[in-house]
Amino acid sequence: MSSWCQLGFQDAGSYFMEEFIYFHDFTMMIILGVLSYVVVFLVLGLLSGWVDSGFVEGQLIEFMWTIFPALILIQIAFPSLLLLYLIEDFSKSFLVCKVVGHQWYWSYEIKTESSEILASVDCYMLPREGAFGMRLLLTDEFLMLPINVPVRILVTSDDVIHSWTLPSLGIKGDAVPGRLNQLNVTLSRKAMFYGQCSEICGANHSFMPVMLMGVTSPQFFMWLDRL
Amino acid sequence: MSSGVEITRPEGAIPLAQKYSGLSEEEVKKRIIAYNPPADSRFPNQNQTKNCFQNYVDFQRCVRLRGEDYKPCQFFERNYKFLCPTGWIEKWDEQLENNTFPVKL
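Chains as they are written, first to last, in this note's numbering: chain A, 73 to 299; chain B, 62 to 166.
Incorrect hints may appear among the rest.
Below 30 Å or equal to it, Euclidean Cα-Cα: the simulated DSBU-like pairs (lysine-lysine) are [what the hints assert, rightly or not]:
1. B:Lys132 with A:Lys164
2. A:Lys164 with A:Lys244
3. B:Lys111 with A:Lys164
4. B:Lys132 with B:Lys111
5. B:Lys111 with B:Lys165
6. A:Lys244 with B:Lys111
7. B:Lys132 with B:Lys165
8. B:Lys152 with B:Lys165
9. B:Lys152 with A:Lys244
10. B:Lys152 with B:Lys111
11. B:Lys152 with B:Lys132
The set of hints was computed from the structure by calculation and includes no laboratory data.
Excised from the complex, chain A in its bound form (with noise of 0.2 Å):
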């Protein structure tokens, strides 16, 4: 979750948010180098008391200003494309979760070895008191994914549009009813994962949150038996 006055992204609980957060740095390092240049030059200029006396053109410079910018682009491009269509690839899925929004909670159900267990998890945000000081980011009951384990994650609603989201596996699906959308996550991690809807869905929105816990696959099993 995040913290007070973090300006930064949460810690990356998945491998594409891993990317996610390498092709950020990545861009605001070309972002940072070109602003700087820019108001460099654009304060130089105006302090130089320069005035322009009829300058009509230049083709070398002209010539530069085009090729250099757009050879950053591609250069920010080729991650880009790469991480886009990587996400895509649900080819390697082990597990599929199927998400179903409400008005106003989220409820999981998870079918395990051909049809042997059916888990339908209901999760209602916990109220102000046994919130723990976590206010509005706490359910009663979450969901529990294994880590290192691709999974596939189907997203829909009962009623309205809503959107599950989990900002720390860089994973967001809206909930739309009467579609299924289809997300893929592999968690890198054990932890604690929280997120809350992204798309207003009446009085409640803000008071629907998702938590989701990486575990071991034993833990798992185990979790679905609820030893």
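Fit chain B to the given chain A structure using the hints.
Positioned in the frame of chain A, the structure of chain B alone reads:
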């Protein structure tokens, strides 16, 4: 068991933790849950609604053509049970019973 959780399990099923106790995490992972409806090139994108519905319809058609005991029909059955939310399945089953299912099977 918490009131917010429902587990349905067929009679005689061994609890998974007991079934997998004594195995290392790697071995558990190999035998894991691991039924995942295979990637269907007809539905390559984020919207999997049709994937779920098509498998349901294909199962119903398969069973009507070949009978309930025809094993290959189970492929479609597994797929739709894994992909489709329970509410949708119940609604379609009810529509089938009432003869109001929107597709001609």
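**Prompt:** Are the Cα positions of Lys111 (chain B) and Lys165 (chain B) separated by 30 Å at most?
**Reply:** 16 Å, holds
**Request:** Verify the proposed pairing of Lys132 (chain B) with Lys164 (chain A), using a straight-line Cα cut of 30 Å.
**Result:** Given pair Lys132 (chain B), Lys164 (chain A) holds - Cα atoms ~25 Å apart, limit 30 Å.
**Message:** Does Lys111 (chain B) sit within 30 Å of Lys244 (chain A), going by the straight-line distance between their CA atoms?
**Reply:** 21 Å, holds
**Item:** Restraint check for Lys152 (chain B) with Lys132 (chain B), where alpha carbons must lie at most 30 Å apart
**Value:** Since the Cα atoms of Lys152 (chain B) and Lys132 (chain B) sit roughly 25 Å apart, the hinted pair holds (cutoff 30 Å).
**Message:** Can you confirm whether the C-alpha distance between Lys132 (chain B) and Lys165 (chain B) stays at or below 30 Å?
**Reply:** Given that 30 Å is the threshold and the Cα spacing comes to 23 Å, the pair holds.
**Prompt:** Is Lys152 (chain B) within 30 Å of Lys244 (chain A), Cα to Cα?
**Reply:** With Cα atoms ~27 Å apart, Lys152 (chain B) and Lys244 (chain A) stay inside 30 Å; holds.
**Request:** Please work out if Lys164 (chain A) and Lys244 (chain A) have their alpha carbons no farther apart than 30 Å.
**Result:** 20 Å, holds
**Prompt:** Does the structure keep Lys111 (chain B) and Lys164 (chain A) at a Cα separation of 30 Å or less?
**Reply:** 20 Å, holds
**Request:** Would you check the hint for Lys132 (chain B) and Lys111 (chain B), treating anything up to 30 Å between C-alpha atoms as holding?
**Result:** 23 Å, holds
**Asked** Has the given pair, Lys152 (chain B) with Lys165 (chain B), been kept, meaning a C-alpha gap of at most 30 Å?
**Response** 16 Å, holds
**Message:** For Lys152 (chain B) and Lys111 (chain B), compute the direct alpha-carbon distance and say whether it is at most 30 Å.
**Reply:** 16 Å, holds
Figure legend: structure checked against the earlier numbered hints; every hint is met.
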